[in-house]
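Residue numbers (my numbering), protein chains in the order written: chain U, 1 to 337; chain A, 1 to 78; chain S, 1 to 374.
These aren't lab readings, by the way, just hints derived from the structure by calculation.
Be aware that a few hints might be false.
[Claimed, not checked] List time: in silico EDC-like cross-link candidates among lysine to aspartate or glutamate, alpha-carbon distance up to 16 angstroms:
| # | chain 1 | residue 1 | chain 2 | residue 2 |
| --- | --- | --- | --- | --- |
| 1 | U | K131 | U | D40 |
| 2 | S | K327 | S | D135 |
| 3 | U | K5 | U | E20 |
| 4 | S | K327 | S | D210 |
| 5 | S | K2 | A | D54 |
| 6 | A | K11 | S | E157 |
| 7 | S | K327 | S | E61 |
| 8 | S | K2 | A | D9 |
| 9 | S | K247 | S | D215 |
| 10 | S | K165 | S | E128 |
| 11 | U | K131 | U | E99 |
| 12 | U | K5 | U | E100 |
| 13 | S | K2 | A | E70 |
| 14 | U | K131 | U | E259 |
| 15 | U | K5 | U | E99 |
| 16 | A | K11 | S | D210 |
| 17 | S | K2 | U | E259 |
| 18 | S | K165 | S | D210 |
| 19 | A | K65 | S | E11 |
| 20 | A | K2 | A | D49 |
| 21 | U | K131 | U | E100 |
| 22 | A | K11 | S | E158 |
| 23 | S | K247 | S | D186 |
| 24 | S | K303 | S | E273 |
| 25 | S | K165 | S | D300 |
| 26 | A | K2 | A | E51 |
| 27 | A | K2 | U | D40 |
| 28 | S | K2 | A | E51 |
| 29 | U | K131 | U | E20 |
| 30 | A | K2 | S | D5 |
| 31 | S | K263 | S | E157 |
| 32 | S | K165 | S | E295 |
These are the residues of each chain, in order.
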Amino acid sequence: MSGDKLIQLAHGGGGWLTRELIESEIVARFGNGPLRGLPDGATLPSPRGQLVFTTDSFVVQPLEFPGGNIGHLAVHGTVNDIAVCGGVPLWLSLALIIEEGLPFAVLARVLDSVRSAADACGVTVATGDTKVVARGQGDGLYVNTAGIGQALPEFALSRERIREGDCVLVNGPLADHGLAVLAARQNIGFVNGPQSDTAPIHRLVLSVRDLGASVRFMRDPTRGGAAAVLNEIVGGAGFGILMRERDLPLNPATRAVSEMLGIDPLHVASEGRVILICAAGAAPEILRRWHAMPEGAGAACLGVVTRDNTGRVVLETLAGGRRLVDVPRGELLPRIC
Amino acid sequence: MKLAEIRADGKGLAELDGCRHVVDLSLVNGVSPGAYLIVHAGYAIETLDQESADATLSLFEEMAKEVASETRSANAEP
Amino acid sequence: MKYIDGFRNPEAAAQFVRQIVAQGRALDEQGRRVHVMEVCGSHTMAIGRYGIRSLLPGNVELISGPGCPVCVTAPGYIDAALALAGRGAIVATFGDMVRVPGSDSDLTACRSQGGDVRVCYSPGAALELARRQPDRDVVFLAIGFETTIAPMACLVEEAQRQGVKNFSLLTAFKRVPPALRALLSDPEIRIDAFLCPAHVSAIIGTLAYDPIAADGRVPCVIAGFEPLDILYGVHGILAQVLNRQAKVENLYARVVRPEGNPKAQAMIARFLEPVDAAWRGLGVIPASGLALRSEYAMFDAAKKFGIAVCPGRQQAGCRCGEVIKGKIRPSACALFAKVCTPENPVGPCMVSAEGTCAAYFKYGLPDKTQGEKK
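The shape of chain U in the complex, shown without the other chains:
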């Protein structure tokens, strides 16, 4: 397909052009495995034990941003949701809603990214769907992925298991994805600007399965950032969380853009991070293992679970004072993931 060819409405009509589109873009990349022969649904072997099942839709603007594109997010987002539920990701569905006029070249790059991300994660795109909507009705491209994974029996993740003294760990610097997208939108040019952190974290979870008894809870800090996730965790609970501002892991470019835009990085999405709450005794070993893996190079302890300030997330600031880390309120950042 040539570089300046555009998606037409007819590509979604179900006729000749649809077949051509599916052959050239979908089958060419994903045609081995359950998608061979393009059945209406994938018939898959049933894993032992319990399943983890999740879905996510992706509406990021712009479609391509420093460090990745909507295709990467679509794979990593769903893989990570399975992983933080204590599952091994196995299969994905891939649904595309394409706006008439999207260049084929963009679609090709996105789908190449879906393919390479899926391969790198060891997951298979097993089924999917493609629709085209008229110009003005779709904003380029929307993607949905649903994922099935096998639940790992070593994990029993529950907020109720969280105790005073537990450690709050994260596998790397916060907020890179959201600030990379915002910088791209606001024409903040850069020499070494923020790059999206989009990445799979399931191997980090697998690496600590034998410590499952010490792992209380996990979440990935996407929309609303670490502040949203941590407030969800403490909301209505009998404990609080205390963080120290000087210990927050942030990349320099991300800090710079957050300063320039006046945005709190704790409110900004990451797409390759997991927040894991564990018994204090297990924290050093978990960090040691994560540091040995590329996805965990910048892993750090974000904070600690406390008995006071129940139901609240508190930050000890650089000045030594204490202040609340609230759920992000007001006009939030749209179309980040």
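Go by the hints and put chains A and S onto chain U.
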């Protein structure tokens, strides 16, 4: 933010740790690349007096050292 | 980040706090309390963000005054903006304005009913919008103190230079020094010292505060808004108070000059002239506002479209006026955090980016000595 360059149209490119943003220079005089700017709503409203800034930073660094030495002597006491 | 991180050094902060606590004890021995008022939205937010109040001794109270230009603007301003949207103009504004309540409605409701309200990240973007859509009128909601007024004057000059005919400002510009005088003469508030604004001072200079320190007999200390700057400022104020002094002291000399920024002042004087202005909470203060001069009436949305900006009506139970002048803390308002929240604000203080209630809501913890929040 540091003024990285002045464009042909007279606007400046200000930089913070590698991230650059366009800044209007109408309110400041005679700035050249390397100067530090105070920016508000996309306009440079003043230049940073680096000598004064360095002096204040030295003062703060001295204070930080006082804490460190006080902590050491506190820890040293039986 | 050069010239930023050094002003956030935790060890230096700890040392300042130690010294401030000692100053508090000395004041205690004299049986004295100190009420310091800050009048700068950036200070309000920085104090919240860094938890500064939690570090101060109980007899040193840091009060937030009228530092938020959106908050000191009457609800009638929003009514005027809504009227302009109703006439088909594109109303361009900063994001936090979209939820500020007018007498009956706000810009968010207007937008969901089809009003063309656009959020801009910079005033230049609003002018650019006007250039790209010459068949539509673009009105930018231009609210601010001197720091913002100077760039707005530049924007008008640029619009004029480029011959842009469809761009205008709905202005609500105010000057800080007259407000400081009004605060000092208000019997309902006790002010022992001013922590003077960082960037307003960069524009107007330190000399602007000489008459206030002299007549009001209060220390006026200019400080930046990094955490060390704020602690440095409080420390300087307490030192003056202990020595029974009332001087203007510039602790932000790296940015603020005695004469301020003459180029910025000249721009302001060229395009704008002093007018009487109504401040929410403080009433009408003579010559405390700035309006576009008559020769620039084509850039003044109120004159261009014949819209009168009336005072409008505050919502029932709203106590923003008292919060703005530092008479009460947000938690003293019965609506605070219960009825009035960032999603459902009753007044501007809860929803403006520099509002006192917004800062307390976002950052405040229950505090034994200062009885804040939730």
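Open item on the list: Would the hint linking U/K131 and U/E259 be met if the CA-CA limit is 16 angstroms?
Closed with: Not OK: U/K131 and U/E259 at ~41 angstroms, beyond 16 angstroms, violated.
Open item on the list: For a C-alpha distance cap of 16 angstroms, please report whether A/K2 and A/D49 respect it.
Closed with: 12 angstroms, holds
Open item on the list: Does S/D210 sit within 16 angstroms of S/K327, going by the straight-line distance between their CA atoms?
Closed with: 25 angstroms, violated
- [ ] Below or equal to 16 angstroms on CA atoms is what counts here, so check S/K165 against S/E128.
- [x] 12 angstroms, holds
TODO: Below or equal to 16 angstroms on CA atoms is what counts here, so check S/K2 against A/E70.
DONE: 27 angstroms, violated
Open item on the list: Does U/E259 sit within 16 angstroms of S/K2, going by the straight-line distance between their CA atoms?
Closed with: Within the cut-off at roughly 12 angstroms; holds.
TODO: Below or equal to 16 angstroms on CA atoms is what counts here, so check S/K327 against S/E61.
DONE: 12 angstroms, holds
Open item on the list: A/K11 and S/E158 were given as a pair; does the straight-line alpha-carbon distance stay at or below 16 angstroms?
Closed with: 12 angstroms, holds
Open item on the list: Can you confirm whether the C-alpha distance between S/K165 and S/E295 stays at or below 16 angstroms?
Closed with: 14 angstroms, holds
Open item on the list: Run the distance test for U/K131 versus U/D40: straight-line Cα separation, threshold 16 angstroms.
Closed with: 15 angstroms, holds
TODO: Measure nothing beyond the straight line between the CA atoms of S/K165 and S/D300; if it is 16 angstroms or shorter, mark the hint as holding.
DONE: 12 angstroms, holds
Open item on the list: S/K327 and S/D135 were given as a pair; does the straight-line alpha-carbon distance stay at or below 16 angstroms?
Closed with: 47 angstroms, violated
In summary, the numbered hints that this structure violates are 2, 4, 8, 13, 14, 16, 18, 23 and 27.
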